[in-house]
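If you're matching them up, the sequences are chains A and B in order. Residue numbers for the first sequence follow this note's numbering, beginning at 1 and rising by one. Residue numbers for the second sequence follow this note's numbering, beginning at 158 and rising by one.
It is possible that part of the hints are untrue.
Non-contacting residues of chain B with respect to chain A, defined by C-beta distances greater than 12 Å in every case (computed) [unchecked claim]:
| hint | residue |
| --- | --- |
| 1 | Q457 |
| 2 | T468 |
| 3 | K581 |
| 4 | N634 |
| 5 | D665 |
| 6 | S669 |
| 7 | I854 |
| 8 | I859 |
Quick partial rundown of chain A residues pointing at chain B, CB under 10 Å, derived from the structure [stated by the list, open to error]:
| hint | residue |
| --- | --- |
| 9 | E16 |
| 10 | L43 |
| 11 | H83 |
| 12 | C100 |
| 13 | A126 |
| 14 | S128 |
Think of the hints as simulated: they come from the structure by calculation, not from any bench. Ideal Cβ placement from N, Cα and C applies to all residues, glycine included.
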Amino acid sequence: MAEVRINSKAYSVDKEDPEMPLLWFIREVVGLTGTKFGCGKGLCGACTVHLNGQPIRSCSLPLSAAAGSEITTIEGLSADGSHPLQVAWQTLNVPQCGYCQPGQLMNAAGLLAQNANPSEGDIDSAMSGNICRCGTYQRIKKGILMASENMRRTGKK
Amino acid sequence: MSRVANKINRRNFLQQSIVFSGSSLVLCYANDLLFPPVLHAAETKQKSSSFKPNVFIEIPSSGKINLICHRSEMGQGARTSMVMLLAEELEVDWQDINIVQGGADASYGDQNTDGSTSVRLNYMALRKAGASARSMLVQAAANRWNVKPADCYAKASKVFSKTGAALTYNELAAEAAKLPVPTNVALKEKSEFQVIGKDKELVDAKAITAGKAMYGIDTKIPKMLVASLERSPSVGGKIKSVNSKATLQVKGVQKVVTLDAIPQPVNTNASVAVVANNYWAALKGREKLIVEWTPPKGAQESSSNYEKELTSALDQPGHAMRKEGNFQDGKKAAKVNVQKQYYTPYLVHAMMEPLACIAYVQRGRCEVWAPTQDPQRAQKAVADFLKIPAAKVQIHITLLGGGFGRKSQPDFILEAVALSQKLKAPVKIIWRREDEVKHGFYHAQAMQRIEAGLDANNNIAYWRHKTAFPTIQKVFNPKALTAADWELGMGCTDMPYDVKNIECLACDTPSSVRIGWLRSVCHVFHAFAVNSMMDELSAGAKMDPIEFRLKLLKRPTTEVKPDFADKPEFRFNSKRMARVMEEVRQFAKWQKGVAKGRGQGFANHYSFFSYVAMVVEASMAKDNKVVVHAVHCVADCGVVVNPDTVKAQLEGAVIFGLSLALHGKITLQNGVVVQSNFDDYPVVRMEEAPKIHIKLIDSDEIPTGIGEPGVPPVAPALCAAIQAAGGKRFTQLPLV
Chain A
1 MAEVRINSKA YSVDKEDPEM PLLWFIREVV GLTGTKFGCG KGLCGACTVH
51 LNGQPIRSCS LPLSAAAGSE ITTIEGLSAD GSHPLQVAWQ TLNVPQCGYC
101 QPGQLMNAAG LLAQNANPSE GDIDSAMSGN ICRCGTYQRI KKGILMASEN
151 MRRTGKK
Chain B
158 MSRVANKINR RNFLQQSIVF SGSSLVLCYA NDLLFPPVLH AAETKQKSSS
208 FKPNVFIEIP SSGKINLICH RSEMGQGART SMVMLLAEEL EVDWQDINIV
258 QGGADASYGD QNTDGSTSVR LNYMALRKAG ASARSMLVQA AANRWNVKPA
308 DCYAKASKVF SKTGAALTYN ELAAEAAKLP VPTNVALKEK SEFQVIGKDK
358 ELVDAKAITA GKAMYGIDTK IPKMLVASLE RSPSVGGKIK SVNSKATLQV
408 KGVQKVVTLD AIPQPVNTNA SVAVVANNYW AALKGREKLI VEWTPPKGAQ
458 ESSSNYEKEL TSALDQPGHA MRKEGNFQDG KKAAKVNVQK QYYTPYLVHA
508 MMEPLACIAY VQRGRCEVWA PTQDPQRAQK AVADFLKIPA AKVQIHITLL
558 GGGFGRKSQP DFILEAVALS QKLKAPVKII WRREDEVKHG FYHAQAMQRI
608 EAGLDANNNI AYWRHKTAFP TIQKVFNPKA LTAADWELGM GCTDMPYDVK
658 NIECLACDTP SSVRIGWLRS VCHVFHAFAV NSMMDELSAG AKMDPIEFRL
708 KLLKRPTTEV KPDFADKPEF RFNSKRMARV MEEVRQFAKW QKGVAKGRGQ
758 GFANHYSFFS YVAMVVEASM AKDNKVVVHA VHCVADCGVV VNPDTVKAQL
808 EGAVIFGLSL ALHGKITLQN GVVVQSNFDD YPVVRMEEAP KIHIKLIDSD
858 EIPTGIGEPG VPPVAPALCA AIQAAGGKRF TQLPLV
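Pulled out of the complex, with its shape left as it was, chain A reads as follows:
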């Protein structure tokens, strides 16, 4: 039985079209709508989730390739909104419409898991796959810097 684990819960994918992008499995079959649809071509980053801890664009990953993996969505980033990035986002009032933000947060979390002390240039490189049409980039960058400092100080991951 082929399955995908999402936020530590197992879901069978046997009944689904193996070509179905992971994004639609997450949104419609599992019913978690925090992961967003923005472009369908891996260009905008709104669909970013973690696959075995790495940020990937779920709109461009078929279920057949996702089977057997551990997926984390925005709903699984923390139990209660307490991830240092989520805290920073609220402190700095980062979101405007907020539609791109789950993807931004998941991508940023992936960056911080790899690089505990990113420079502004590192952040630009890591985050330029995530589009924000409301233009919150400056605050996203500040949020990442704030969260990384917080995480280094408290030893939190």
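Following the hints, position chain B against chain A.
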């Protein structure tokens, strides 16, 4: 009704009283239809023990205090600022508030969330609503304690007496509900504000960061089907043939249905709907659909011809929308003459949430869930389409993942309604990004020509501004060809400098695509041309561009009527413009030690009654790549309700303006849009984003717009910066 359609009737101001049968509300319209009504509860007793003095406040006998937001939230903070306005005068503890999103209902007044109007239109009305509710709660407490209301005060959801007794709003609700609503209540002075003027986190920020915020595209209702639509590639195309054999074999696909085009003012195109029980199946089914289209009659636009077509439009005499003095006299007096032509392309909105809508048509009624900016326009269009009363059409406004004006159009709602009607089932249509890019209501492309000259004293001797762009009015009237006075009033006829001999002319030009309004609308291209030409003239005068403009602002200007209002407090005030210009000059350290290879450029613009001045610092790299280093922006939008949100709107407007300056371009081939997604319609990403510095003027003036005013100065300031850095002066957008 959309704000645009309202403007066509804006001089028909009526005083109306409407009584809703079966409800306990009496509705009185204020002076004009644009301003929200003052609402009074009827004299008759309220049935429930809830206190509902107006449509914005509902206080039950226990539990949260319900405050209703009637405006659409698309990131501009409407759900926060509308509630702040109510809360200030109501004297309620923020923790006690439950925010309810109001649906389409004329009793709320204007719900058309565009034109940067939410705070401006509601600043007084919501404060009055909060104040009158508070005074009734105080009266109820005074009655209970047998004291005078003046001996009581309200604070943090309670009424207190001088002796220290206290009653909660919940406890007072039933008695307050029996009292008459006062017609006159005193409002706080600005110095007394506890809520207004202080930074407030957006009310949805926590849900957003937890992934729990629900947008139109996330909404679901039981038993709903999902559909993806294959639409006519060009406006007005018809279905010739449909082969759905392979589509129907895709697992999950239920039906393939055709939909007819719906004409103005809805403007949908013919389409084939692939209906399924899950979205992936609908998408997959649509890939296998084979549709032949009959293109519309008549010549179709191709962008390869644009320069020729638009230049010949500009060569027409045009329709004079402003004419003062004598152009020839001005030419005779001129010592410096400049003529430039400016081109700006079609743009698409590209908000992050593509369009989506759920509609459920049942016998004699309809329910809709949509991320709409204009719910009342949608309600009317649905009622007209289904031939049922508007009262039977319920429009639920979901959170919007961005709008920029696209979601004001009811097309995406009517498609879902028409489909639900055909299917006799609830259905959700989700647009692909390609659909949003190819089936837009585009920001009008524009070609402008400005001829201007300086006299011996470096005053503007003459100014002739011809502007050719397809008019938005075609959304409402298929025969419309000439731009409206209010379209030219967005940055063209209201140019604020002292010129005795001035002509502003609209030149007709058609379009093969639907034209709509995109964040700051015609200000985008008019501000580009006017600022660019003012820079040319300042160079001709050998003066600093800010100094040159200030000199001409200081002289008395011909009174120009801004669009959207005739009220004196909204007329252009040259002192307020001068102030933001002088402030940004200091803020940006204008021309004080700019690094080698970099340049600073200036632009200013007045739009939606607010004043913005901006300095952009940019450079051009060896490969002609533009690098934007910093943007300084000073804005005066009157009294600021939520300062951090206002700053965020300006930060966002800078990014939005840079996207259109650097990248945005929609082109057509035989009436069909060429672009499809973010690969061929690029937008600014984090790596291109400059450091943005915002300063807000602390003002006592009536609040004016801020969602849009930050956009128009960006492109001209950037072009000025590139020229200052040693590059050429661009007169066409986009730059890259």
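Mind listing which of the numbered hints don't hold for this structure, in increasing order? none
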